[in-house]
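K.L.:
So you can see what is in the structure, the chains are spelled out below.
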Amino acid sequence: MDFSQYIHYNYEDLLNDDAFLHFIIDQKASDLDAWENFKKEQPYRSKVAQAAFETLSAYRQQKVFTNETSQSMVFDRITATINTTQPKIKSFNFLSFFRVAAVFAVVALTAVLYFSFWNKKSIETDFGHIQTLTLPDGSEVTLNGNSKISYAKDFKKGTREVWLNGEALFNVKHINIDTNNIKPAEKFMVHCGDMNIEVLGTTFNVKSRHDQTSVGLLSGKIKIDYNDVSETKKAFIMAPGDFVKYARESKLVHQKIVNPQHLTAWTTRHLVFQDASLEEMIAVLQDDLGYEVMLPDDELNHLKLEGEINVSSVKELLQILSNTLHLTIKTENKKITITK
Amino acid sequence: MLVKRTISMPVKKILHNETNYIEWNSFKAGNWEAFGRIYDTHFKLLNNYGYKFTRDTDQIEDAVHDLFVNLWQKRTQIGNPASVRNYLYKSLRNMLFRKMETQQKFVKLNAGEDYQFHFEVSFDTLFMENEAKKDLQKKLKEAIQTLSARQQEIIYLRFYEGLSYEEAADIMNLNINSTYKLLYKAIGKLQKQVKLEDLMMILCLLASEKTLLEIN
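Line by line, the protein sequences are chains U and Y.
Offset between the first sequence (1-based) and my numbering: plus 4.
Offset between the second sequence (1-based) and my numbering: plus 404.
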């Protein structure tokens, strides 16, 4: 590209020039070299072009909303809508194919339901409700709000297995005495998201929400299985005081529990945060307690509250937030609106 | 806006490959795979464009859903648009406006008035290389906010999407002349706000930073 043609252009002309605009959009290496040369050779006469260049570059530095996480879901919805409104156009052959497929689907669905439902017992908590239950083997589980646990009806036979979605504090009963030699029948397994936790008799907290799982071990010993970035199966044995965080197919983050009471504070309906961002606090309000939080200004998400918050009600938490972060917070039933 | 879903806005550009005629014709002939590929090529672009009008992601998804259901059902009646992307942009825009309009009527806000036309780009301030550029972007942002929504949209279509006047006019349902006028007014206003002297100052700062770097 020959930039010397632009030395007599004014700022407005340059913004209106298709070739100049596409040079900035495409950023071709050869053009960029020519541009650098032009600036070097004509430091003064290229000033206006440089101003236009910087203006357009600054404008084009934008955040992009791809909504990638919903891409396949929306397509499934499109497929479903098209399929339900289509049969008229399709020939009879297709219709009978659908009939056969439907019969198979019903059979398959029943089988799946039988294995997952009839044979399983599940307990689900509402937003804001905390429930403690005793499993058939005597182990205790405290479920946080909006959480679900299920286990096989014949729980006591073979390995004890539970499936968790949400947050729970486990206090697992020892069956074996010799921890170095555990028989399969003495195992206790927690499945959540993409992670399996093998328990060897112990107290620990599991939180599994939005494809993210965190485990904090208070006493005893547990082994976790997960898939790491390279999609290989990995295992990690946790010692008391260990805290791990894991998001699907990423690296496992290993930390130490600084304050064990924080981990289980929710069981006594306390809201405890340490150097937390507004985003983290909103997540707890929405995930555990079922509040709908409106935050018109995205930037506010990153506001951080240094130090510790330990309160026993949402009202107190909001009071602190509005005072220390200078926010206007309006509550109406379960709707919270936060503005600057 | 609801924060129900965490909305990540990466800075990376969305890759755009223009759908070719072979693919388009194959879709029109009823090839489901081709339809899926057209969807995959444009989903992110459409969401990014839709997000400029509303922060209600459910509404954007609904519009994208309706758009593609319509596309499939009317595939035998559609012609060959000059650009598939522009054709989809225009359809999405119409879908979104219809949805927002009915929603507003339902809520009975501004009854009788035209629906509220809203257009906003989110600047990425975190990744600007240096203070001078950050400053320029801030000035630009302030200037853009003084423009009307329509002016902001045409600036976006032109300077971000790289469209010609004809293409922008077609998407925005305007005639060419008014598109020219709209963009001229917008640029004129921008120039008044972001004064050339300011730009020159920023350039000098950039230059001096560079010489500093060279000296070091």
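Hints in this document: simulated from the structure, not taken from any laboratory.
These numbers were taken from a predicted model, which means no experiment stands behind them.
The C-beta atom is built at its ideal place from N, Cα and C for all residues, glycine as well.
One or more of the hints may lead you astray.
Computed, partial: chain Y to chain U, Cβ under 10 Å [as the list claims (entries may be wrong)]: (1) L450; (2) Q477; (3) G483; (4) K545; (5) L594.
SDA-like, lysine to any residue: derived pairs with alpha carbons at most 25 Å apart [claimed, not checked]: (6) K448/Y - Q75/U; (7) K596/Y - Y13/U; (8) K260/U - L309/U; (9) K67/U - Q481/Y; (10) K448/Y - E72/U; (11) K339/U - K596/Y; (12) K538/Y - E72/U; (13) K545/Y - T73/U; (14) K51/U - Q595/Y; (15) K448/Y - A536/Y; (16) K537/Y - F521/Y; (17) K249/U - P300/U; (18) K344/U - K448/Y; (19) K478/Y - N87/U; (20) K448/Y - M77/U; (21) K494/Y - D22/U; (22) K494/Y - K344/U; (23) K585/Y - Y48/U; (24) K334/U - K448/Y; (25) K32/U - Q65/U; (26) K596/Y - A536/Y; (27) K51/U - H12/U; (28) K67/U - E524/Y; (29) K538/Y - E303/U; (30) K599/Y - E72/U; (31) K542/Y - K339/U; (32) K334/U - E312/U; (33) K589/Y - Q507/Y; (34) K589/Y - Q481/Y; (35) K67/U - F523/Y; (36) K537/Y - K338/U; (37) K32/U - Y560/Y; (38) K255/U - A55/U; (39) K596/Y - Q555/Y; (40) K432/Y - Q481/Y.
K.L.:
If a hint holds in the structure, say so; if it does not, say that too.
P.N.:
Against the structure, the hints come out as follows:
1. L450: Holds. Min distance 9 Å.
2. Q477: Nearest chain U Cβ about 7 Å off; hint holds.
3. G483: Check failed: Cβ of G483/Y comes no nearer than 21 Å to chain U, outside 10 Å.
4. K545: holds (9 Å)
5. L594: With Cβ-Cβ at 8 Å, under 10 Å, it holds.
6. K448/Y - Q75/U: It holds: about 8 Å lies between the C-alpha atoms, which stays within 25 Å.
7. K596/Y - Y13/U: The hint holds at about 18 Å.
8. K260/U - L309/U: At roughly 21 Å apart (the allowed maximum being 25 Å), L309/U and K260/U satisfy the hint.
9. K67/U - Q481/Y: violated (36 Å)
10. K448/Y - E72/U: holds (7 Å)
11. K339/U - K596/Y: violated (43 Å)
12. K538/Y - E72/U: violated (28 Å)
13. K545/Y - T73/U: Measuring from Cα to Cα gives roughly 29 Å; hence the hint is violated.
14. K51/U - Q595/Y: holds (15 Å)
15. K448/Y - A536/Y: violated (31 Å)
16. K537/Y - F521/Y: With Cα atoms ~30 Å apart, K537/Y and F521/Y exceed 25 Å; violated.
17. K249/U - P300/U: Status violated; Cα separation ~29 Å.
18. K344/U - K448/Y: violated (31 Å)
19. K478/Y - N87/U: holds (14 Å)
20. K448/Y - M77/U: Within the cut-off at roughly 13 Å; holds.
21. K494/Y - D22/U: holds (22 Å)
22. K494/Y - K344/U: violated (35 Å)
23. K585/Y - Y48/U: violated (31 Å)
24. K334/U - K448/Y: Given pair K334/U, K448/Y is violated - Cα atoms ~34 Å apart, limit 25 Å.
25. K32/U - Q65/U: Holds - the C-alpha atoms of Q65/U and K32/U are around 17 Å apart, at most 25 Å.
26. K596/Y - A536/Y: Roughly 19 Å between the alpha carbons, so the hint for K596/Y and A536/Y holds.
27. K51/U - H12/U: holds (11 Å)
28. K67/U - E524/Y: Holds, at roughly 11 Å.
29. K538/Y - E303/U: holds (17 Å)
30. K599/Y - E72/U: At roughly 39 Å apart (the allowed maximum being 25 Å), E72/U and K599/Y break the hint.
31. K542/Y - K339/U: The hint is violated at about 33 Å.
32. K334/U - E312/U: Judged against 25 Å, a Cα distance of about 23 Å means the pair holds.
33. K589/Y - Q507/Y: Distance ~32 Å between K589/Y and Q507/Y Cα, so the pair is violated.
34. K589/Y - Q481/Y: Given pair K589/Y, Q481/Y is violated - Cα atoms ~38 Å apart, limit 25 Å.
35. K67/U - F523/Y: holds (14 Å)
36. K537/Y - K338/U: violated (43 Å)
37. K32/U - Y560/Y: Distance of about 21 Å is within 25 Å: holds.
38. K255/U - A55/U: violated (44 Å)
39. K596/Y - Q555/Y: OK: K596/Y and Q555/Y at ~15 Å, within 25 Å.
40. K432/Y - Q481/Y: Roughly 9 Å between the alpha carbons, so the hint for K432/Y and Q481/Y holds.
Hint violations for this structure: numbers 3, 9, 11, 12, 13, 15, 16, 17, 18, 22, 23, 24, 30, 31, 33, 34, 36 and 38, all remaining hints satisfied.
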